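The listed protein sequences correspond, in order, to chains Y and B. When we follow the numbering used here, the leftmost residue of the first sequence carries the number 1, and every step to the right adds one. When we follow the numbering used here, the leftmost residue of the second sequence carries the number 1, and every step to the right adds one.
Hints are computed from structural coordinates only; laboratory data are not their basis. Please note: incorrect hints may appear among the correct ones.
Claimed, not checked - Okay, derived cross-link-like pairs now, EDC-like style, lysine to aspartate or glutamate, Cα gap no bigger than 16 angstroms in a straight line:
hint, chain 1, residue 1, chain 2, residue 2
1, Y, Lys251, Y, Glu41
2, B, Lys55, Y, Glu141
3, Y, Lys144, Y, Asp114
4, Y, Lys39, Y, Glu59
5, Y, Lys39, Y, Asp100
6, Y, Lys251, Y, Asp266
7, Y, Lys105, B, Asp148
8, Y, Lys142, B, Asp148
Said to hold, decoys possible - If you want the footprint, here are the derived chain B segments under chain Y, 3+ residues with CB under 8 angstroms:
hint, region
9, 138 to 146
10, 150 to 163
These figures come from a predicted structure and were not determined experimentally. Note that the Cβ used here is the ideal one computed from N, Cα and C, for glycine as well.
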Amino acid sequence: MRTNRGPNRRLPARWSGGPAEVSAQAGLGSPGETRTMIKVENLCKSFDGHTVLDGISFEISKGEVVALIGGSGGGKSVLLKHVAGLMQPDSGRVVIDGADLRNIKREELRRLRDRLGFLFQGGALFDSMTVYENVAFPLREKSKMKEQEIRSRVLKELESVGLKGAEDKYPSQISGGMVKRAALARALVLDPEIMLFDEPTTGLDPVIGQAILELIDSCHKNISFTGIVVTHEIPRIFRFVDRVLMIYEGKLRVDASPDGLMRSDDPVVRTFLGE
Amino acid sequence: MVDHIKQISAHSLMYRTMEWIRQIGAYTLESIRRMGLMGLFLLNGFLYCVVPPIKFGRIVKQIHFIGLQSMVVILLTGLFAGMVLGFQGYYSLSRFGSDAFLGPMVGLALIKELGPVLSALMVTGRAGSAVAAEIGIMRISEQIDALDLMGLNPYRYLIAPNILAGMISMPLLTAIFDVVGIFGGYLIGVKLLGVSSGVYFGEMSHYVEMADVLEGIYKSLSFGVIISWVCTFKGYYTGILTGFGAEGVSKATTQAVVTSSVLILVWDYFMTSALF
Ligand SMILES: Nc1ncnc2c1ncn2[C@@H]1O[C@H](COP(=O)(O)OP(=O)(O)OP(=O)(O)O)[C@@H](O)[C@H]1O
Ligand SMILES: [Mg+2]
């Protein structure tokens with residue numbers, strides 16, 4: 001079993017569909033290169049004296065997709081927000097592609113965030129805009145695309161998440177699962193280099209859930225983002241990720257390949273796997 | 001034994017006093033911190049009013065919301081305020097036999113004082129509360145975080161347009177309030193109570209000076225800033241200062257209306273004494 005307590009843990013030497021293959025596919029970097037994209041060091045965070053994260057450390061290389069699992073209220077969303085720089089840690093640090101978020105300049109942070117996509121747990125669609133406008137919003141604000149190109153791009157994106165026909169509805173008029181999928185379309189529309197998914201399939205039926213996971217996977221094959229997927233979909237997610245991190249009582253309990261996790265004899269992990 | 005009890009109660013009295021002083025200190029520090037936060041918030045808001053790219057679409061939308069949609073309320077309250085002034089002014093003035101001064105009385109009261117203050121209070125209740133609630137909901141449903149993550153500054157998108165819209169709408173709404181109010185005074189004073197129309201308007205134009213009109217404009221301009229500042233601030237810090245969920249939003253909305261109304265009256269006092 002691979003447990004992680006110390007900050008100086010090394011990455012596993014090998015994982016299925018590792019970054020070397022992926023980046024070679026996408027023509028990015030030289031094969032075999034493993035550049036660290038996300039590095040979290042000894043991260044601690046507490047709210048009103050209640051410790052949520054208690055010294056979390058891990059690294060994610062470029063092109064790698066990692067699942068983040070753990071109990072409800074265990075701090076997965078909080079950890080994801082730290083990685084995106086939406087929350088500041090009490091101590092410890094987050095380094096994204098070599099840039100330390102503690103002392104990053106405003107302009108640099110903005111450029112970093114242009115490369116980052118975030119799917120919020122609740123979707124966070126703008127409720128004064130229709131689904132179409134929501135997905136078009138990043139393109140209109142951030143790209144120099146013409147309205148016509150934007151239109152075809154948005155419609156394509158909406159179709160791929162199965163929301164064709166719902167373009168003109170407002171977020172309050174569609175179901176929770178549809179909100180999630182529209183938010184996914186909005187997160188993916190700018191082809192981000194780093195994708196943070198907060199429970200992409202929660203609230204979806206098993207068929208659509210599977211389709212969404214496959215969509216994420218195919219996006220990963222196309223644009224080879226580096227990703228963290230927060231999920232409760234165990235073991236279904238294992239097929240799609242290179243590594244699994246598990247948070248337990250504020251600490252990183254497991255950092256292992258999916259196979260390694262399945263073979264683990266840690267009782268906490270076994271309970272979590274439903275045994 | 002008795003000594004011992006005395007000692008304990010003295011000790012607990014001391015302890016309670018210390019605790020009490022500590023709480024006053026903590027409260028004071030927290031208040032100062034919040035004032036600083038609010039001040040910085042306003043500075044940032046002003047900054048994004050002038051730093052391009054300015055979101056004209058958002059500004060127009062907010063003017064529509066804060067300004068145009070408040071028209072009915074302003075027309076109604078203005079008319080009735082003017083009518084009441086007509087009655088009250090007439091009865092007070094006729095006691096001294098000087099009902100000829102009804103026009104200037106109504107005009108000055110509305111232009112210098114009641115117009116700006118009452119329309120600001122009405123806009124706070126109608127638009128300010130809605131702005132606070134809208135931004136509060138955006139905060140707790142993480143829409144503000146989403147904006148931030150897309151590299152789009154929330155100050156630019158949410159705060160600055162509201163401040164500009166408040167600064168543009170309030171003087172106009174106040175002007176409308178004044179006009180309708182003067183008309184209301186005319187209805188009562190002239191049409192009902194028999195002051196001559198020439199005297200009503202003649203004396204008004206004789207006694208009301210440009211300085212009075214300017215005073216009203218300055219006041220309404222600053223009230224516009226106060227409303228949008230306080231209401232966007234309360235909305236923006238929902239969750240962080242007021243707690244999460246629907247309760248947090250309702251708290252933020254209430255606080256926005258109360259704080260902004262109180263600030264309007266306090267600030268009105270200072271402006272009046274400064275401009276007197
Ligand atoms: N902004 C905040 N202020 C105060 N406490 C917070 C805040 N955000 C999260 N928390 C607390 O942090 C803890 C972890 O929350 P988090 O949302 O990260 O859980 P999670 O692992 O994502 O759970 P779930 O699987 O249910 O989404 C919770 O106890 C929550 O109350
Ligand atoms: Mg969560």
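These are the hints, each one checked on the structure:
1. Distance check on the hinted pair: Lys251 (chain Y) and Glu41 (chain Y) sit about 12 angstroms apart at the alpha-carbon level, within 16 angstroms; holds.
2. Between the alpha carbons of Lys55 (chain B) and Glu141 (chain Y) the distance comes to roughly 11 angstroms, so the proposed pair stays at or under 16 angstroms and holds.
3. Under the criterion of a C-alpha separation no larger than 16 angstroms, the hint pairing Lys144 (chain Y) with Asp114 (chain Y) is consistent with the structure, at around 14 angstroms.
4. For the hint linking Lys39 (chain Y) to Glu59 (chain Y), the alpha-carbon distance of about 4 angstroms falls within 16 angstroms, and the restraint holds.
5. Proposed proximity of Lys39 (chain Y) and Asp100 (chain Y) is supported: the alpha carbons are some 9 angstroms apart, at most 16 angstroms.
6. Among the hinted pairs, Lys251 (chain Y) with Asp266 (chain Y) is consistent with the structure: their alpha-carbon atoms are about 15 angstroms apart, no more than 16 angstroms.
7. Distance restraint check for Lys105 (chain Y) and Asp148 (chain B): the Cα-Cα separation of roughly 15 angstroms lies within the 16 angstroms cut-off, and the hinted pair is therefore satisfied.
8. Restraint check for Lys142 (chain Y) and Asp148 (chain B): satisfied, since their Cα atoms lie roughly 13 angstroms apart, inside the 16 angstroms limit.
9. Closer than 8 angstroms: that is the beta-carbon criterion, and the region 138 to 146 of chain B has 6 residues meeting it against chain Y, so the requirement of 3 holds.
10. Only when three residues or more bring their CB closer than 8 angstroms to a CB of chain Y does the claim for the region 150 to 163 of chain B stand; here the count is 3, and the claim holds.
The structure shown violates none of the earlier numbered hints.
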